[in-house]
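> Listed below are the residues making up each chain.
Number of protein chains: 2
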Amino acid sequence: MKSDLDHLLKENQADAIWITGPAQHNPPMVYMTGGGHMTQADVIKRVDEKAILCHAPMERDEAKRTGLETLNYSKYPLKERLKLAKGDRLIAHALLYKHIFTEIGLTEGKVLVYGKTDAGKLFSMLNKLQTLLPGLVFHGDMEDSVLLQAMATKEPEELERIREMGKVVMAVVSRVENFLASQTISNETLLKSNQTPLTIGDVKNHINLWLAEYGLENPEDTIFAIGRDSGVPHSSGTLNDPITLGQTIVFDIFPCEKGGGYFYDFTRTWCLGYASQEAQSLYNQVKSVYQQVVSELEIGKNAAHFQNRTCELFEGLGHATIRQDPAIEAGYVHSLGHGVGLNIHEKPWFSRKDDPSNELVPGSVFTVEPGLYYPEKGMGVRLEDTYFVTPQGQFEKFVDYPMNLVLPVN
Amino acid sequence: MKSDLDHLLKENQADAIWITGPAQHNPPMVYMTGGGHMTQADVIKRVDEKAILCHAPMERDEAKRTGLETLNYSKYPLKERLKLAKGDRLIAHALLYKHIFTEIGLTEGKVLVYGKTDAGKLFSMLNKLQTLLPGLVFHGDMEDSVLLQAMATKEPEELERIREMGKVVMAVVSRVENFLASQTISNETLLKSNQTPLTIGDVKNHINLWLAEYGLENPEDTIFAIGRDSGVPHSSGTLNDPITLGQTIVFDIFPCEKGGGYFYDFTRTWCLGYASQEAQSLYNQVKSVYQQVVSELEIGKNAAHFQNRTCELFEGLGHATIRQDPAIEAGYVHSLGHGVGLNIHEKPWFSRKDDPSNELVPGSVFTVEPGLYYPEKGMGVRLEDTYFVTPQGQFEKFVDYPMNLVLPVN
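Residue numbers (numbering that gives the first Met the number 0), protein chains in the order written: chain A, 0 to 409; chain B, 0 to 409.
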């Protein structure tokens, strides 16, 4: 939670966080400002002090709406900075921040830096700024960052927004299911009204349209992968592929609120019309492992415990797993899940058994998504729902949706 | 053009470019790979050599589709790197790149770094990598970067894609115009079928839906700002505001191809039903300056020349301009335009009079968007089209759309 930031900063011997970049599609900035239409902004928050938002003059109204204290870049005109920098734009850019940090009285200590932005440019600018403000140490931390630790425990208002996302995703998934079931079929292939094959691309276009109807964005695309593609977990599907009966279809959908807000993540695997015995058997195994792991979820346990347990269960069923070989491409080849929030992937991580900051605690939001992949057999199965932990420590699925492999068709 | 990269690198005494981050919504990566569904990738291109794409094992199919030479991260398992790094994840991360650069034989020289990604983390990792590969110098350049210079001159295929975007944008703008004109009106306010006021938010929802129908994304939102908001160039509009007659509405729309591809940028200013004399007079002035500047566009001239000329013209009409005071909030307060491509804002820049890389040349794509803003009077006017320079040096608007201030209503 945001209120954890101060003690997390202290625990990490840091004196401030600094978030830079645009206000949208930049999770750290959305977290601190709520988003809004700012092409470039900076939020600086010192330990035990309020966050300050630095903004461009043209974006002053958007800046005001955040409710944060504001500081207008126009106080430090580029022209003057360029003069001081003898025309060097990198130095002129660093001078902006020298002025800002000096103005707010932060010239000593450790500053943690966040933001999804032009990373190469920031690298060179920060190294220059380091020489201009030798009392500051800038640091970008890794996947267990202070900010991601705060973001990992959601407040009730955040949980409600994610649940709303889940409801809309279920509505869209249901429309996809009905849409597929209502197509005409010839030669085991779904046909459009013009009698040409319905393609993966057609289905994705419908999904995007339906998501837009509900006001959502789909920045990461949708996975709608059939046959061999379904056997490669991150294959998003081949747009021109026709949709045929009896093939496994992995349908993984993960849109977010408009402007880069909260995500929801959900997967079902379907076979249209019928399934081979082998596909049905894989499906039953994935479903049983899913149910077993969910039944064992326990507060205070490290997420990695459940990844390990999933490997154990799949190995017991005779499948190779990623804990045996990280480069594996057949069997159980990925992680059981990941945290979900303003990032589609965030803490808790399911691969850090030694790190207590990945324990499941009240406010945790994460996916459970076991899967089995056999690309050479042309099939894959994954089942995924997004879960959270209530303030009372109960594990709950945000929204429910049936788990059936075979979708009846016309 | 991409084919300029080698000589631009040489001119800048650089030995390679390195692009990192996701494959979508990351303009440098989209430029080099064409996009695709990769959550993390690296493209390294040495002078006079082919680009190499490094990718995650699960994303091997997406990587193959780019047609680039590929290198799988799985060659350097995290487990082994963590062991070497004694558990330090930052060092383990830097070791991945040490291995990659060593494998491709790039251990000496200057490497330009690009990518829209987690910038703080990259900062710390690069400084660590610097110590592991002391023969390399990493550098992130500014707004006149080598990559942006290459991207600034579009190939015919890129121009065609931008023109297609323009056609779709015109179709959506026309639908918005018809939609507004067909609402019922009471008390000078547009009403929905349920007799409640039509809001800015309603209009934006329709815009997003129509854009999705054409398969576009709208990651940067739309500006649909009325009254005082229209007098603040970057105000995107207040969602709950009703839409009333006689107020200036600045409608600035700038969607991109799915996955973060090419943008188009377009603005019209409308008053529904009628316009005040003052608004009409501002409109006529902006339109005349627009036409004058377009008539003067000339190949080989620096874009900044036309910003200067626009200030001159507006000053001649009695308005304050940004060249007189960079912090100005009333009058002509922004730049005449900007380049457009995989970034909504890119080269040519209109503010660098001394930099020949901002000259208008064949392949340049840029907006022309003069405007006048009087927030205290509750009005603003901006008119914008996207232009390009043909191989023969002619200036052309991609697509046309009428310029009329007053939209007749029911």
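Hints in this document: simulated from the structure, not taken from any laboratory. Cβ atoms here follow ideal geometry from the backbone N, Cα and C, with glycine treated the same way. Treat the hints with care, as some may be off.
[Stated by the list, open to error] Some but not every residue of chain A turned toward chain B, in silico, with C-beta under 10 Å:
#, residue
1, N71
2, Y113
3, D117
4, P133
5, G134
6, H138
7, E142
8, L210
9, K257
[As the list claims (entries may be wrong)] Ranges of calculated distance between the beta carbons of each label pair, as one might list FRET restraints:
#, chain 1, residue 1, chain 2, residue 2, range
10, A, Q129, B, K109, 12 to 22 Å
11, B, G214, A, N403, 23 to 33 Å
12, A, I184, B, N239, 20 to 30 Å
13, B, E314, A, H6, 34 to 44 Å
14, A, S192, B, D87, 51 to 61 Å
15, B, K1, A, N239, 24 to 34 Å
16, A, T106, B, R322, 44 to 54 Å
17, B, L190, A, E297, 50 to 60 Å
> Now tell me, hint by hint, if it's right for this structure.
Now the hints, each set against the structure:
Annotation: N71 of chain A was flagged as interfacial toward chain B, and the flag holds, the nearest CB pair being 8 Å apart, inside 10 Å. Given hint, Y113 of chain A at the interface with chain B, holds; its Cβ is 5 Å from that chain's nearest Cβ, closer than 10 Å. The beta carbon of D117 of chain A comes within 6 Å of a beta carbon in chain B, closer than 10 Å, and the hint placing it at the interface holds. The beta carbon of P133 of chain A is not positioned within 10 Å of any beta carbon in chain B (closest approach about 15 Å), and the interface hint is therefore violated.
Annotation: interface hint on G134 of chain A violated; nearest CB of chain B at approximately 18 Å, more than 10 Å. Interface hint at H138 of chain A: satisfied, since its Cβ lies 6 Å from the closest Cβ of chain B, which is below the 10 Å cut-off. At its closest, the beta carbon of E142 of chain A sits 7 Å from a beta carbon of chain B; the interface hint therefore holds under the 10 Å criterion. Residue-level restraint check for L210 of chain A holds (minimum Cβ-Cβ distance to chain B is 7 Å; threshold 10 Å).
Hint status for K257 of chain A relative to chain B: holds, with the closest Cβ pair at about 8 Å, below 10 Å. Restraint check, Q129 of chain A to K109 of chain B: a C-beta distance of roughly 20 Å satisfies the suggested window 12 to 22 Å. Distance hint check for G214 of chain B and N403 of chain A: the Cβ-Cβ separation is about 30 Å, which falls inside the suggested range of 23 to 33 Å. Evaluation of the 20 to 30 Å hint for I184 of chain A and N239 of chain B yields a failure: the beta carbon distance comes to about 47 Å.
For the pair E314 of chain B and H6 of chain A, the supplied restraint of 34 to 44 Å is violated, since their beta-carbon distance comes to about 55 Å. At roughly 59 Å, the beta-carbon separation of S192 of chain A and D87 of chain B lies within the given 51 to 61 Å, and the hint holds. Our hint of 24 to 34 Å for K1 of chain B and N239 of chain A holds, since their Cβ atoms are close to 26 Å apart. At roughly 34 Å, the beta carbons of T106 of chain A and R322 of chain B sit outside the given window of 44 to 54 Å.
The beta-carbon spacing between L190 of chain B and E297 of chain A, approximately 55 Å, falls within the hinted interval of 50 to 60 Å.
Going down the numbered hints, you'll see the structure goes against 4, 5, 12, 13, 16, while the others check out.
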